[in-house]
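The chain contents come next:
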Amino acid sequence: MTGTGRLGISGLQISFGSRQVVSIEELRLGHAEILGLAGESGSGKSMTTLAILGLAHTVGASVSGSITLDGQELAALPQERLREIRGRRIAAIFQSSATAFNPVYRVGTVVTKALRLHGASKSDAADQAAEAMRQVLLSPDLMRRYPSQLSGGQLQRVAIALAVALRAEILLADEPTSALDVTVQAEVLDLLRDLRESVGMSILFISHDLAVVAELCDRVAVMRHGLIVEQGPASRVLAAPAHPYTAELLESVPTLASPL
Amino acid sequence: MTAGGDLPAGRDLPEAQPLLRISDLTVRFGPVRAVNGVSLAVAAGPFGLGLVGESGSGKSTIGRTILRLVRSSGGSITFAGSDVGSLRGAALKAYRRDVQIVFQDPDNSLDPRMRIGATIGEVLRAHHVVPRGAITERVGALIAEAGLDPEFAQRYPHQMSGGQRQRVAIARALSVQPRLLVLDEPTSALDVRSQAQILKLIARLRSEHNLSYLLITHNFGVVSELCEQTAVLYLGKIAEIGTTHVLLRAPAHPYTVALRSAVPEVTVAGRRSRIVLPGDPPDATSPPSGCVFHTRCPLAVARCRTEVPLLREAGPAHQVACHRAEDVLAGAEMPTHRRPAAVERREASASELP
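Protein chains in written order, with my numbering: chain A, 33 to 292; chain B, 6 to 359.
I should point out that these hints are in silico values taken from the structure, not numbers from a laboratory.
Among these hints, one or two may not hold up.
Said to hold, decoys possible - Computed Cβ-Cβ distance ranges for the label pairs, DEER-style: (1) B:Gln182 to A:Gln111: 54 to 60 Å; (2) B:Tyr161 to A:Gln52: 48 to 54 Å; (3) B:Arg76 to A:Ala130: 35 to 41 Å; (4) B:Ala146 to A:His275: 32 to 38 Å; (5) A:Ala130 to B:Ala139: 40 to 46 Å.
Claimed, not checked - Here are a few chain B residues that face chain A, going by a calculated C-beta distance under 10 Å: (6) Ser166; (7) Gly167; (8) Gln200; (9) Leu204; (10) Leu206; (11) Phe225; (12) Ser229; (13) Ala263; (14) Ala267; (15) Pro269; (16) Val271; (17) Arg279; (18) Pro286.
Just so it is clear, the structure is predicted and the values come from calculations on it, not from any experiment.
Idealized CB from N, CA, C, for every residue including glycine.
One chain only, chain B, in its complex shape (with noise of 0.2 Å):
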């Protein structure tokens, strides 16, 4: 697929006066920290900043604070410079239109009981985007721009597929021009070529309208088209974050080697032996002392069990918090899962073909 084939080159860092910035984000849901410290830029667009991690790696959570959806227990948010926690009155209402979310189910997101074309309306609507008299075509054009027929407006969310009403969901979130989009894992509940469509309308109308968009995701493939840089997420705090190139091809935290292994590859040649990590991720309410991955690093060291590892530079806009980074960067083995007979057998075969 290549959705992101024809971008522009993306700069490697967001510059001096970011649209977005989370500085210290610290949010507390009872005893568990869901996301402990976080500090992220986004550029003006056209940009895209991936999030990756998994379940319960405090990705979603992020995004649905810049919405402004849950409330922050510590450091701050600052969008196009002014403090979005104290946004009151008309700047919130601003700030609500220029700020964007898309969720991963559409069927949640829309009114089952409302027509695409009412769906739409009622956000030109209430941000005074058109006038009254203007609203029917511009839903049309709406509609027309994320890649369905202008007559969708006239049909109900469950006579549509999942990947039509997730670009309804684009369309409705595009309606009243944002600066900054929330993808929440805009894809995750689609088939592959829906996602592949989706990909491809993001790319499209990140470069028509000067996007700016957080990818939140727990698949590195997705991000690698779409953003050019990418934050790796583990228990609520980053564990590396550069360039998207720069970390898939010389990632410095075994996470992000671990993440980008499990990403299943068509080609045998762009298959590698899975990095196994054990067990499952540790119970948030008591996070692991030390490097909160330690109990499933396999290089970890007495060292990752005492002392946090703090961010810092592996590279020219790379930062990893690890304490072996440079280990993973020098190659280090890390143990992978034994490729079964039968996979062997056919990877054999593969290769004999002309």
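This is chain A alone, in the form it adopts within the complex (with noise of 0.2 Å):
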């Protein structure tokens, strides 16, 4: 994956008032890629996802630096023009979907609204839902459903149905997977290497788990203090760390040898 990449972001830094949260000089995620974000809670990488939606703001954060999107800088774009984009082409998920869902509207119909929204018609956002439905391997029959009726990793994939159905080329995934069942979470894990197959969609996973990194990313970047400490291929990075504290991370995953 090299050249510019779909996604790119150059000199971004994040700040409150005087305190700086993120400093990246260079992240670039490719077509069809599925690029690992790795660090620990407070290291920025959830405020670089707000970040790259534009929505950093809305928690009081200022942003300066580029952020493109197939060579189109976003950070100049007006709040309507990026709202386009936001959805349509860059969509995100988040790690407790129970919160990202209005508990009083049918799931079915927070994603035909979304189509909707985006321009869709009524017979057509019915048809589109069902058919990304179908897509994420759930039965549209749980369209009729509300949040609560709806498992965690049923309700996550009701999520990645909503970028399904908008056609997204971006998935911002920011920690889906934490608050899932390993089982469940290796079903989650397994559709996004499908989405990445059949649809091409370049997917920024964030995630604490450098196994469960592993066992996705083509490439992987490491966060720490909003600095991003080492990046490269996931398979060299994760074999042979060149930064003692990807080494940390790397010691800190449980593995199945039983010592007892």
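Put the complex together from the two separate chains, hints included.
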């Protein structure tokens, strides 16, 4: 994945008042690439996601530097243009899908509403929503349910279905499996891999767990205190970490070797 | 991670008189049998029993029933020889001191308006653990033992990280010198680095205090380092139980094989193909006939749909409830998820490394 990539970040600085929380010199996400952004809580990975979505100001942060989508500068766009890109071209899923859905709407309504907002006709929206549900291996019947009637794994799939329905080119996945059982986590990882293969989705996968990154990602960037301390092909970084912090994160992963 | 690297070698089975014995426990919530005829034993410490299963398997309900936070509908729980269900008055209070629980989310178990010192001090006062004048000093010692600066006594929960709050929850549980700890997903809300630190802390406290504990988790990676024995639960029943290393090396139940294969691993060598379990766990209000796992089992045959498998010996200190255990042990093939091309590419390039 050389060249400029689909999503490009350079000289990105995010700060709260005088306190700088993120400083990224260079980060690129290529076409149909899965890039892992790894680090602990507080390392700045989620703030980076918000900045890409143009939403960092909503939590009181100020952003400078360049974020481009296919060469187009996003930071310079007015909010209404950004709204067309957000959701449509860049979608996001979060750790807690339960709080991402409005509890009083059926999940199908959420999906069709988003499609309508982005210009689909009423009947097209329903068809596209059902098709997207099938693509994430859910029965379209589940669209009639309320968020509380679905499991965490199912809700996360609906969130991904929303991105699929809108034909998002870039998916920002912020700890999407951290709240799930390992079995359900494995299914969601399979699904993300399949989406990359079938529709060429580019995925920025944010996680604190290098084992999950190892299972899924082509490349990985390790973040600490707002800085990228190491980045490269996942196979190289995880097999032979160059930074002691990466090694420390690797050490933390529980293994199935039982000493007892 | 080597949290348990320096632990003494575990025993294979709890001895004749275990600290905690659960016999044929059943817990009903309306039409749902959350726990359906489970029997377990926890030896006197240091000893760890892992309860592994997905959401809805009944593992947390078992933990809560032990604490008497949930009423059982059948079966019995005995602690140090006495029946837990019939404890009253002083005996119940003593039991509530002997058995402590640590929950998944310390945010919900710590009062946001109380300083940490007050939270722990309250427990010491309620159970008259130390004289009033010695409470502050003991609180400091407990916080230090959990690996935090005693200064943290002055803090509120929101001034601490999730891992630090979980240390406080553990310090509070240990403040009354319990004999048994129920650890209900103690690290699931934490990032892996905090998780590793909490697991190390449990390993250290275990040997220093001769602790017995029940470790409830959905992740096999967590029990592997801290539990001599592990029980795998599915829909309120024990699918398989045995020494942890036997379950990891030679599982006899297809569900155990699938759970194990779902744990993500860093090394290509450690990674194995994931066993695909079709569909979702069944509706607990109307569990499947025969073996409750047959609707998702890749090895199910006609017999599994009609005949309930009983727990039976699969080897020394190893029991399994599966009609096809022999085939599983013999390495019966199960459908695996296709490894995508990109991953194979990566594995190839990884193997080229010096």
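Subject >> Violating hint indices (sorted, rising) >> reply: The structure conflicts with hints 2, 3, 10, although it agrees with all the remaining ones.
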